[in-house]
Every structure is written in C-alpha cells, then in structure tokens.
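Respectively, the protein sequence lines represent chains A, B, C and D.
Here the numbering used here is used: position 324 in the first sequence is 324, and no number is missing along the way.
Here the numbering used here is used: position 147 in the second sequence is 147, and no number is missing along the way.
Here the numbering used here is used: position 334 in the third sequence is 334, and no number is missing along the way.
Here the numbering used here is used: position 133 in the fourth sequence is 133, and no number is missing along the way.
Hints are not guaranteed to be accurate.
Because identical chains cannot be distinguished in the list, a pair is counted as satisfied if it fits within a single copy or across any two copies.
To be verified - Dumping the calculated DSS-like pairs for lysine-lysine here, alpha-carbon to alpha-carbon at most 27 Å:
hint : residue 1 : residue 2
1    : K415      : K434
2    : K223      : K182
3    : K441      : K223
4    : K451      : K135
Because the hints were derived from the structure by calculation, they are not lab data.
Protein chains: 4
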Amino acid sequence: MERSFNLFSPIDYRYSVEELKKYLSEEAFIKYKAKVEASLAKVLLKRKFISEKIYREIVEAVENISPEEVYEEEKRIKHDIRALVNCIRKRVSEEAKPYIHLFATSYDIVDTANVMRYRDAVENVILPDMIRLEKIWMEISLRYKDTLQIGRTHGQHAEPITFGFSIALYVHRWGERIVRVKEAKENLKGKFSGAVGAYNSLSIFFENPEEFEMDVLSELGLKPAEISTQIVPPEPVADFFHSIITSFGVLANFADDMRHLQRSEIGEVGEAFEEKQVGSSTMPQKKNPVNFENIKSMWKAILPRILTVYMDQISEHQRDLTNSCSQRFLPEILVAFDSSVRRMIRISEKLQVDAENMEKNFKMSEFKIIAEPLYIFLAVSGHPDAHEYVRGKVMECMREKKSLYKLVMEDESVKPYIDKIDERQKEILRNPSKYTGISSKKAEKIVNLWKERLSI
Amino acid sequence: MERSFNLFSPIDYRYSVEELKKYLSEEAFIKYKAKVEASLAKVLLKRKFISEKIYREIVEAVENISPEEVYEEEKRIKHDIRALVNCIRKRVSEEAKPYIHLFATSYDIVDTANVMRYRDAVENVILPDMIRLEKIWMEISLRYKDTLQIGRTHGQHAEPITFGFSIALYVHRWGERIVRVKEAKENLKGKFSGAVGAYNSLSIFFENPEEFEMDVLSELGLKPAEISTQIVPPEPVADFFHSIITSFGVLANFADDMRHLQRSEIGEVGEAFEEKQVGSSTMPQKKNPVNFENIKSMWKAILPRILTVYMDQISEHQRDLTNSCSQRFLPEILVAFDSSVRRMIRISEKLQVDAENMEKNFKMSEFKIIAEPLYIFLAVSGHPDAHEYVRGKVMECMREKKSLYKLVMEDESVKPYIDKIDERQKEILRNPSKYTGISSKKAEKIVNLWKERLSI
Amino acid sequence: MERSFNLFSPIDYRYSVEELKKYLSEEAFIKYKAKVEASLAKVLLKRKFISEKIYREIVEAVENISPEEVYEEEKRIKHDIRALVNCIRKRVSEEAKPYIHLFATSYDIVDTANVMRYRDAVENVILPDMIRLEKIWMEISLRYKDTLQIGRTHGQHAEPITFGFSIALYVHRWGERIVRVKEAKENLKGKFSGAVGAYNSLSIFFENPEEFEMDVLSELGLKPAEISTQIVPPEPVADFFHSIITSFGVLANFADDMRHLQRSEIGEVGEAFEEKQVGSSTMPQKKNPVNFENIKSMWKAILPRILTVYMDQISEHQRDLTNSCSQRFLPEILVAFDSSVRRMIRISEKLQVDAENMEKNFKMSEFKIIAEPLYIFLAVSGHPDAHEYVRGKVMECMREKKSLYKLVMEDESVKPYIDKIDERQKEILRNPSKYTGISSKKAEKIVNLWKERLSI
Amino acid sequence: MERSFNLFSPIDYRYSVEELKKYLSEEAFIKYKAKVEASLAKVLLKRKFISEKIYREIVEAVENISPEEVYEEEKRIKHDIRALVNCIRKRVSEEAKPYIHLFATSYDIVDTANVMRYRDAVENVILPDMIRLEKIWMEISLRYKDTLQIGRTHGQHAEPITFGFSIALYVHRWGERIVRVKEAKENLKGKFSGAVGAYNSLSIFFENPEEFEMDVLSELGLKPAEISTQIVPPEPVADFFHSIITSFGVLANFADDMRHLQRSEIGEVGEAFEEKQVGSSTMPQKKNPVNFENIKSMWKAILPRILTVYMDQISEHQRDLTNSCSQRFLPEILVAFDSSVRRMIRISEKLQVDAENMEKNFKMSEFKIIAEPLYIFLAVSGHPDAHEYVRGKVMECMREKKSLYKLVMEDESVKPYIDKIDERQKEILRNPSKYTGISSKKAEKIVNLWKERLSI
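Here chain A stands alone, though its shape is the one from the complex (with noise of 0.2 Å):
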C-alpha cells in the first residue's frame, strides 16, 4: 500500500485498514452504487423490459466505471448520483441509455449501496477480527483462570480472583457484541420504492412494484424496509452503530484495565515491547502502554460521532438532505474500529502477564482482605453487629499495625462467635488466597459458553 501524507484525515494517513477499502473507501462506494444500477437492469430484463443485450451492455459499462470520471460528470452537473447515471449512459447504445436508472430515485442507489456495504464489511472484515479477538481473550481466560490477583473496586483492593476471571468478563461482554453485531447488520434494509417511497413511477408500469422492488434487493441480498420514504427508515443505521460503538466501549474498558495494571506501582501486566522501540523521545527507560492508551484515545475521538447518527433519524417530511454530507463519515466509524480491534489483537496477543507482580500486589492487602469473610462469619455465627465490629477492629489493626486475625482470634468478647467457625473457613481466613470463590471456575464456564454460542 502506497500511502500519502498530504491529508487530513488520520484514517486514511495512519489507521487506515488496508482490507476495508473495498467496502468502505469512495471509490467501493461508488462501484456498490453502480452494483443496485446492474441489479435493476437485471431485473428489467427479468421482466422483459430490456433485451439481454441491453442487460450486457449495461453490466459492461457499470463494471467500468471510475469514480474518477463520475467526480468530473458531477463537477460539471452537480449531482452525484445523476453524475454516475450519466457515466453508464456515455459507455452505452442509444438504445440501452433510457433504461439507465429507470423507475430510480438517487436514494434507491445511495441507501442500499450503503447497508450493502457496510454489510459486506462486516461480514468479511470486521466480524472475523471481532472473533480472532474473542478467541484471543478465551485463551488468556482460561492459562491465566488459577492465577491470583487481587480484585480491585473504586481502585482499591477488595476480595481476591483470578486474572482468568476477570478477562472472562470481556469475553462475555465482547461475545454478546459480537452477537449485537452480527443481529444489527442483518436488520439492515434497502429500499427501491422512487422518490418520495409510495412506488409513484414503478406502480404505472408494474401490477406490483412492492415485488420489483424485492427483486431488485434481493440480486444484492438484501430485503426491503416494509416502507421509506425517500430513504430507509434511519432505526436500523442506528441499532448498527450502536452495536459499533457499545463494542468499541468494551476494547475502550479493556484498554483502561491494561492501562491501569501496567502502572509503574502495579506491574501485573505490560504491553509487549519490540527491541528496537522507543518508549519516550527524552527518556529511554520508558516502556508506556501506548497501544491502550491509543484504543483509549481513538475511541473517544469516535464515541461523540453516534450523535450524528441520532441527530440524522430527523429527516423532514420525505427527506431534507441534511443527512447526506453527515453520511458520508460514518464508514470511517468502522474503520477507526476495525483498526482498534486490529490493534487490540496485536497486543493482546503477546501480552505480558506478571503473576509475581499480581502475587505481590495481593499479599500487600492479604491483611485487611479477610474482613470480608471474617464479617460474614461472625455474621453466620450470629454476631448481631458483625459488620460494625469488624470495621472497628480494622481500624484498630491499621492505627497498631497488628493482624486484623490475631486482634480477632484473642478478642474474648467474640469468642463464642469464633468458636462456631468451621475450620475450612478458619484456613481461608488464615490463608486468603483460598477467597477467590468460583473464579476458576467462572471463567471456564464463560468460556465454553461463548465457544459454543459463537460456535468458534
């Protein structure tokens, strides 16, 4: 791939997806648009409107087109849709012109070639990564599912888990994406309805243009919205993005959590660093989590633009074009995704897990952790303030810096309470590292649930 830089958009200079510009570049557009131009000459000869010749003529001519000549047709006609109809007509008989974009309005091309290819996208593209990066998690889920680390909330240590739990947690949250996904982008519709949606020209001619209109979409594999005005009804445009964006929220978390653990204080896991990289331009010690932090940043240079998407479900009337330039952005939605998730896999992939650095993290509160269980206990054994007595207790082992067990086992005031603690829960609360509860477990069975549902 040639790459210039004399351009502003950092999708097309620097996170470009190479993969994704058949769909999703301009010039797909323009060949998906051409596409619903041979898909209506195929079903005007379906009807017998048009000879086979005819039919040739035009796949020939739509097959050739290049968005070069269209942007020049436009520039003298100032209409892209009509630019293009123009450009088929020039490169075919006299005889073939008239059934150029016949029965059309330039929202019958626009619309279904988008769904089209976003579809399209989709399916070949973003989904697959989606996947690979599901199956990447699972992975690291299920080698890490026994390995202690400390839980943390509010940034603080809590109760114990495993480092396999808590990315399971990500392989539920990304899998039922990848569903919301998928869902979403086969409740794309089309629409060959004309002008203004009620079938005004195709009702003239044909008994029943609902029919037509299937025909049409379905040559390209869609179904119709059950009705549109000038355009699609914009709800399933914005479910779609709205599974796009919830997923990018995800890799958006995760980064964070990575971010966060690779801390200089924390060191539970790092981005893998290359020999020859460079981690700061002044400071050559540094090894920055730059690839989360970049997933971080590019999800929320795309998160405000679903606003767009919201704001464009106003359309006056059968449609004002005040939606068509906004449009025209959000292809670079999906890519500024794919190439996050893309990124994600690379870095997921090689990602660095240190279990002594986890281990330590954990023994540094294994103290105070037993609180909890301790609490609960107490509380089991009948102790009416349990919650409140263990709170001061904790107070008291931090101010004389004592085990909060001990303090605990020689208080004589709880002693009935403690004598009715089993010793399986005394062992736990003499060795916390036992209080992981089911994580183990739990990420197993996260799993082999998403394996099965995603059927991967």
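Fit chains B, C and D to the supplied structure of chain A, relying on the hints for placement.
Just chains B, C and D now, with coordinates in the frame of chain A:
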C-alpha cells in the same frame, strides 16, 4: 399531586409523570432496593439459613423503611446501602440482625433494583403509552389514507402521496421501536455475585452459589448476568437506553414534520387550540405549534445524555464508582421520554388536518410534478435522453410560464415517443393527483402489519 | 490538485480545502514539528551551545525532511517524534547529532507545532474567509434593508420586519464569532518545559530555563503556557475549538433559515442554480437547497466532536497518552468548518432574493398582524383588558372571515379607546407594512458597527 | 432545608445547593421574570407613561406573586408568561392593568430574567466557591512545594517533581477558568426589543426605542444585545456554559488524578475518612475515594449537556420555540457544577498527603530515572548517539538487575564523555531526588501569579 416550585429540575416541577413515581422516584428506588434485601431473606429462608420468624421480621421491616430515615443514617455513616441495611437492622430482633444483607455487596442490591424498576416502569407505563400512541397514529393513517398531499423532499414539492401514507411511516418506525424497547427491557439482567463478582463469600456456604443468585433474582422476576464484577456488565443497560433514545428520535421527527406543516404558508396540520389558550403574550393572533416544539426541545435536552451511558461502559477493574452519581440521572431520561409520549398522544388525538390546504399546496406544483412521469414515459418509449430533455423543458416552462404538459405535447421533436405513451399514462400527465403510487394501499398494509405484530 | 478516491475520509476525497494543506495536512504537521526543532537549534546557537556551522546543518536537515522517511523510521522504532529526530540526525554530522532535540520532550515539539499550525491556518485562511463572508452578508443586509418581510416566530407569521434586518442578525453573530476566534487563536500557548514540565534537564544547564523556553517559542511567534506538564494545559485549545464550533452553529442556523425560506410554499430566497445543474436524479423539475443542506449536514457531522476536546481535558498526572490519537482528528474540524464557510460564501454571493414572494407572504397575514399594535394602542388608551379583547376579536374574525380592523372599528364597546388612537397609529392599522419598527435603521447600524469593529 | 424524596431528579433530592435556590429554582425564576416586569414599569414611570401610584401598585403586585398561582393560571391559558402577566394584572387596579407587560414580548422577560439569574448565581455563589477552592489549592501547592513526588507520564514513572508543583498546575488551570467564567458572565446580554426584535410597537411611541430598552435593562444591571430577534443571540449563553463546562473538566481531571494516587499500590493521597464512615457494605476494610469518584461521575453526567446548548444555537427565523423546554434544564448545569465545587472544597481541605509513600514510590524507579539526565549529559558532552546508547544500557540493567549509574560509569567506551560531566551533574546522577528542576520555584511563582491576577 401537590407540587413544589422550590426545585431546580423541570423534570419534577414541570414535566413530571405521576404514574412513574412509584418506579422511578428516589423514594421508589429505596423501596426497590429494600425489595432485593427481602428477596435475599426469602432465599435464606428456603435454604433454612433463617427461620420463618426471622424472615417475617425482615419482610415487615423492609416494608416500613422510609427514605427520610435512610438519608438520615447515610448522613451519619456516608454510605447509602449500608444506611439502608442499618435501618432494616434497627427494626428487627438481635437474632435477625446478622442476616440482613448477608453475602450481598451494595451493587447486588443497587444494580438489581435499578433494572427491576426500569422494567416495571416500561411494562406498566411506558410501553402502554407507546402502544396508545401507535394506535392513534394508526387511526390517523387510515383516516387519511386517500387524502392527497404533495410529497416533499428538500422542503420542495416532489411527487404526490397521501397524508395517511406519510403517517404510516411513523406507524412503522414507532412499531419497530416498541419491539426494540420490549426486547431491551427483557434483556436487562440483575446480579447477586458479591463484592468482585466471584461469589467469594457465598461459595463458602453453598455448593452452587450461582443457583443461590438465580433464586434471589427469580423471586424478583429477573435473570442474572452470565458473569458480573461488583456490577452487572453495562451493555444491556446501554442497549436499553439506546432503544429509548431512538424512540425519542422518532417522536422528534414527527414533531418537526408537523411543526413545518403548520407553518403559516403551508397550513396542512395544526395543533388543536383551546378556547382560552393564549398564543403569544403580545401577539393575540398567534397559534403556535407549542407542543410539537416542546417535544423537539425535550429531545434536544435529553439526547446528549446517551453519551453518559456510553461513557459509563468504562469502569476500572472490578468497578470504580464513577458510574454511581451519573446513573442516578438515568430515570430522568425515562420520565422525559414518557412525558413527551403523553404530550404526543394528547396532540395527535386532536390533530387538525386541513385537507383543503393540502389540495391547495398540491395544486401549486401540479404543473411541475408531471416532470418525473413524463421523463419516465419518454424513457420507456425509447427516448435516449429523456431526463435531460424534460429538465430543459421545465426550465423553459418556468421562464415562459407555460404548462409543461402542453409544451411537450406540442413539441414535434418528441412526437414519436409521445405516441407510444398510453392513455392511462396520459391521464396521469393530465391529472397528476392520481400519481400517488400505492400510497393508500401501503398505509393500510403497514397499519395491518403492526396491528398483527403488536397484537393490538 | 489531483485527488485520490481510494480513501475513507470525505474530508480528503470530497470536502478538502487546498489552501489548508500547508498547515493542517500530516505532511505539514511534520514540517511544523521540524520547525520547532530548528527553533531549538537557533536558541542553542544564541546561547553558544552550538556553532553557526552546526546550526546551519540542522536547519538544512530540518528543511529537507520528508514524511515518508519519518513514517518509515517510525515503523522501525514505534515512536513518532524520535523517528523525526532520527531522520534529522541522519542528515547531520557526528558533531551536530547530540544537539538535535536536546532538552526537549516529544510534546514540547508536538503541542507547540499544533498551536502554531492552528494559528497559521486561522490567520491565513480561516479568518480571511470568515471576513469575506461577513462582508457579503453586510452587503445583503444593506441591499435589502427596506425589503418588507414577514417576521416569523414558531414558523408562524408574527410582525413585519425587513429582509435586511433578518440578515443583520447574522452579521452581528458572525462578527462576534470572528472576534472570538481571533482572541482564542491568540491565546494558544506553546511549551518547552521538558518531560514533566519542571524543566528538569534544562535547569541543570541554564540559570533561567523559563527564559530558554520563552526564546524557543518567540522564534515561532508564540508564548509559553505559564505552567505545563508534559503537555500544555488543555483549556486554551478547548476555548479555541469552542470558538470554531459556535461559529459553525451560526452558519448552520443561517443555512436552516434559508432552507426553509426556499420551501416551495414560501419561495423567498433560493440558491442560484447553474444551467447544467441537476436537481434530482429522477425529478427533472427539482431545485433543491443542496448547499444549505450540506452546511447543516456538515455541522451535524462535526458538532459532536467538540466532546472529544472536552474529554481530552482529562489527562492523568503529568499526562497520559489518551489524547494523542484523538488530537490528530482536530485539524479535520478546521477543514470541515472552512469548507462550509467557503460554500456559504459561494451561495451567499449569488443568493436569489424574491421580494415579490416576500410581499405575497406578508399579505397572507396582513389582516392578523395588526392584532399586536391594536392591542397595544387600546392598552395605552386605557383599555383594561386589551390583549384578551383583541384575542377574542381575532377568533371572531377568523371564524367570520372578516377584517380585524373593520370588526374593531365598528365595535361600539371599545369606541372610547379607539377615539384616543392617533392618526399615525391608525395609519399603521390600515397599512401594517409600515409596522416594521426600526428594522431598516438597525440593519444599517449593525453593519456599520461591525465594519468599524473589524476594520473592514 | 426539608427534603422530598418523591422526586425524580438527583439534583433536587441529593445534590442540591441551598444557596442557589434563590437564583435558580423555578420559584426564583418566576420572581426574576416579575422583576423584569417591574423594571418595565419603572421606565414607564420615568417616561411619564404611568403615574407613581400605578407604578407602586405594579411593584407591590410583582413582589407578591407566587409560583402556585402562576402555574394555576398557566394551566388555564397554556402560556407561561401571559399567566404571569394575568397574575400581576389581577392584583392591580383597572387603571393600572393596561400597563403590565406593555410593549413586551414573552422573551423580553424570559431571556432577560435568565441572564440575570445566571449572573447573580455566579456572582454570589459560584465564583466565591471557585475562589475558595483556588485558595485551598494554593495552600496545598505551597505546603508541598518541596515534597518529592515522582512525575508520571503514561502512568509510568518519568522524572521527579514535587507534589506542590503538580497542584500548581491546577491552581493555574482553575485560575484561568475563574477569569473565563467571570468574563462570560459579564458578557451576558438581555433584550427588550419586542416580538421579532425590531421594536415594532415601541418605535411607535418612542423616538428612540433602543434607549427605552437600555433603560429597562440598566435598571437590572444589564446591557442589551446589539441586535436581537424574539430572543437574544445564543452565543453569549453558549460561551458562558462553555466556561462552566471547561471548569468542570478541570475538577474532573483533579479528581481523576487523586483517585489514582489513592490506589492501594500508590497511596500518595487519600480522602479523609470520618470515624463513623463506612467504606463498603460488605467489606469493612475499604476506604474508597468516593468523593473524587462522585465528582468524576457528575462530570460524566453533565458534560454531554453542553451539546444541547450548541444545538440551541439554531432557532428558525425570528425564533422557534424548540429552545424553550431545553433551556429550562440549564440551571441544573450550574447547580451540579457548584455542588461538585463544594464537594471538592470539602475534600481538598482535608486532603491527606502521604509524603512517605511519595518517597517510597520515587525510590522504586530511582535507578531508572537518571536515564534522562544521563543521556543529556552524554549528549552535551558530545556523544553522537547518547539516547540510543542509554536506552541500550537501561535494557541491560533491567536484564541484569544492575545499577544504571554503575553500569555506565564503568563502561570504558563512554569514558571520554563521562569525564566531561561536571560534579554538580554527577551529584544528580547519584542522587536523582535532586532532579526536580524548578518544581518548587514554579509552584510558588504560579501561586503568586494567581493571587495577584485574582486579587485574592
């Protein structure tokens, strides 16, 4: 309902929905949280952890909690859920005290209470309201299915439709949103998995802590998230508010359409005006679309809040608390939305439709409207450049203020094509009010489709 | 300008502004960053840290850097600024090498380069464009300062104004924004304070490291932030983009106003249409306000991006990198804005104003418009309930299709008050087209005000 | 303050600021609107349009209006301002009635009342609160100006600073925002130009209607917009809320910094914890940064609302009403912000700073920190590739767990450069805690700068 005006929030002093108070007010929230505590007691009873007597004590205590006492206690100890727990504890015997909130973490209670009240508000108030509006729009669509209206694109007269057809679009979009809201509501999940989601304490006492969780939630009619941390995964809630926000977008679009159709120069629809109603404080003649404007305005106030939902997808590690305050604002979205649905019901019920003005506006452009069918007839008749030919003729007829039909009929150069146009087509050229495609039929079809899909 | 269509971003393939490339393209960015490195060399020379010879070497190297080589090197070492530094180093002697980037951290270069190019883009392209538009709107305002137009509130006819008055509002709002953009641009600050902002390395070699910073920046026409971390404080940049986004809002409002005034039923203004221009791909008769629609649409695409700027106010401790990728998208805001300003210039220059239609629309409501002056005249004459009285009469005259003036003049019950209305006032009741207040004078005054304030 | 919990809005039931009620509650709003009506009466008196007696009647009436009666009347006539006017009218003599609201349109009252109360809330509560916080941060900055802290970039240890320096950044950013809020508040403008802004009715009775407007507003301490329609131009209000939202961003960043510095592994700062305070409902040992989390969370809830302000820049023609409902939510932004400022004051006042932990964390990276000065010393000593050399040595010392200083000092290959490093520099390499640049001095300088600029 008595009202206070010593408040900051218009949601309370002005746009309140009384029926939603028992689900979405702060008082209701506390009651819902208490219900989760009661459900826990029920499961403890079933597992024979507590006696019937203790269970009854707890249930009674839970039913009598007042928000005032909880807030009073919170002021003392600075923790909202522990305050609630303390208030319940105060009302039960020493013997019962240890079992309150046992095994639970705050967000087992909070997240579960929230999805429960969202669900109840939707099932009992919001969906019924949405369906009521759907029915009204269905009626309007059917009533005016044959009422001629000029279709508008870009604010410009395009092709004719019927008013019922234009409303049918909203019947469809709104119907789809009803389905989406219903699905999203059903997908909301609770949790009872403890402080970091690994069932740390539960797993010590119960072989199958996930079953315990399932039981607590099924008492409340909920299912647990497949995996959670201290909080439930945020995506189902994001999907839910997406369904609400996109529904709001449909309302806003309808409101905008009507606002413009009520413009002085257009006058096709109008909000009913009461005898005593004042339109302007200084212009006694004014009749403004104030309710449609209000709905659009409310949408502008509420739409951006979806971003908070998306930002709250990010919570560090097993959770940070930066989604706590922000979540408290989410019920307002539901109230504002329902308040606008109800307003839309009121004005849609009495919508004034001026078929005469619709006809008059249609007539304005009658002579130009035939340009499309004319171009298509010529094209189908074999004219190789029909679009450009007609475009030229339109320019000419506007300059010379002549009838397009006449101009073309008299043009010798296109006679061969004209001759191929059949009578039924010529009739449309002479009487373009017949050029409404399948508007009427489609309106009927869409209404029937949604009657069936929603079983209403 | 040759264009590529194998791109995702409409900013580059469709809405590009050639003149901005030398400030805001990636290529330009690299050149700007290199300039900061050169400025550093200049100061090292002045401080006699390096020789004239070394300085010249560096300057020459800096001027010859190509983006391709920098990206090539970045691929190897994964650090953009170090890549730039290496590329400069490669081009200089061993002796000069140590002084490249000496004392600098990456963001001394990046943040400084960014504010510099924003400033230059604004000074050289955007502000001149804004002023050009201001002048065109001034002309329109003056040209039509006496052209009667019905003022509209709520889309309803209210009181008469002049078209020039309605444009004067935009002259004023736009003028204010020009001032705001200018101020915000001047308040942008650079930095040269090192890795964490404390001049850690500089302070070892220089008594007054802040003076060193000042020197590096004044070479570039900038001032340093009073304090910085690794990055400059984000607020001046936020203020700057706020000034741009609110300017865009004024454009969008203007566009919306014109779109609606171009509605078929209103027809007061129109975008000029070229001879060859096509309005619709299927409706040859259409003349749509496509440029006004485009501007509104671009605003919807760009507005939400301000949120990224606000989110980027947060950077952890002495900075995290989560603002790096997101910042790369900021130049697009400037390009999109300027592209819309230029579009607005093109269509404003040729704005078609239809004074006849304005008059016709005014006439529609002439009879109702006098309600306000009538109510006020009666009130001033002492009628205790004039507003309610007139409101009733308006209702009556609408029911009975009578003239409001006649109805009131003939009403004996108000005769005592009528008699107090003087001749000049009665003239207004008879000829409400004179009821335009100080529209004309105000238009003139506002235009003169801004001519003076902007010295244009 | 008694509180109701039968409310939806957390702004009222939970985050209320009592002192703001007299400016920003609905009750206050009605009083402010009544004040504008009184001001009009004052000007009518001065112009001898009404007698002193009538004026007194009006003033007395205005002072006694209750929100309940206004809402009651609005229910009847569906117009909020006319309802207010009617309520005043009811309380005055027949003779006085005609002069209530004379010449005014609703938004002369509403827009003027709004900017007045925003101004008063800012002047009397918000700015004093902001300044109080500024002083507290100043104190902290000075108190810890020499307290060593490791500077962090990317969450990684970078170069040392002092804690006072890191706070000084916030002193500066907050100081700048105070100035911005003050300016924006002073730039808010009122209006009294009538229904479409052309002084249509006023101009019939007064030679200079702009002077009349000026008078009405100067009674209220305001200036008129240079030109208005039915409403004031929206930009000054947008600038104002921008100043508030960006101030909120500074709070949010501070909160985030502290949250992370309070992490279990870092422990450099902490929120003061009260004796009775509970950290977790189930984990008695927890001390969470709940107030910092709350501020960040409130910011996430409020930030997106700025978009409503930007969307409300668009109002069709002389205005549509779609900004009316949305504007009613704006005071909530001020309350939420001030509530967070006050929370920040409370926790900043008692901020616990753990200098020991700061030192301990610094020590962790001491050996790596010298990489930057080392590279620079070598570079200045003429080493042609010092950055790369040191980067390699850091890798080596991490692999071999050796001291970087030792490793380099013993490396014969760089001896010639080492020899050029002077004693003061070597001292830094041996004792990097001295490598804090001008941290301490800068903290002092910034505090003094803002003491002076704000005269506090």
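Reference check for the pair K415 and K434, CA-CA at most 27 Å: within, between, both, or neither? within (24 Å within a copy, 54 Å between copies)
Using 27 Å as the alpha carbon limit, work out where K451 and K135 are close: within a copy, between copies, both or neither. within (8 Å within a copy, 43 Å between copies)
Are the CA atoms of K441 and K223 at most 27 Å apart within a copy, between copies, both, or neither? This pair counts as between: shortest inter-copy Cα distance 20 Å, intra-copy 43 Å.
For the identical chains here, do K223 and K182 meet the 27 Å Cα criterion within one copy, between copies, both, or neither? both (16 Å within a copy, 23 Å between copies)
In terms of the numbered hints stated before, the structure departs from none.
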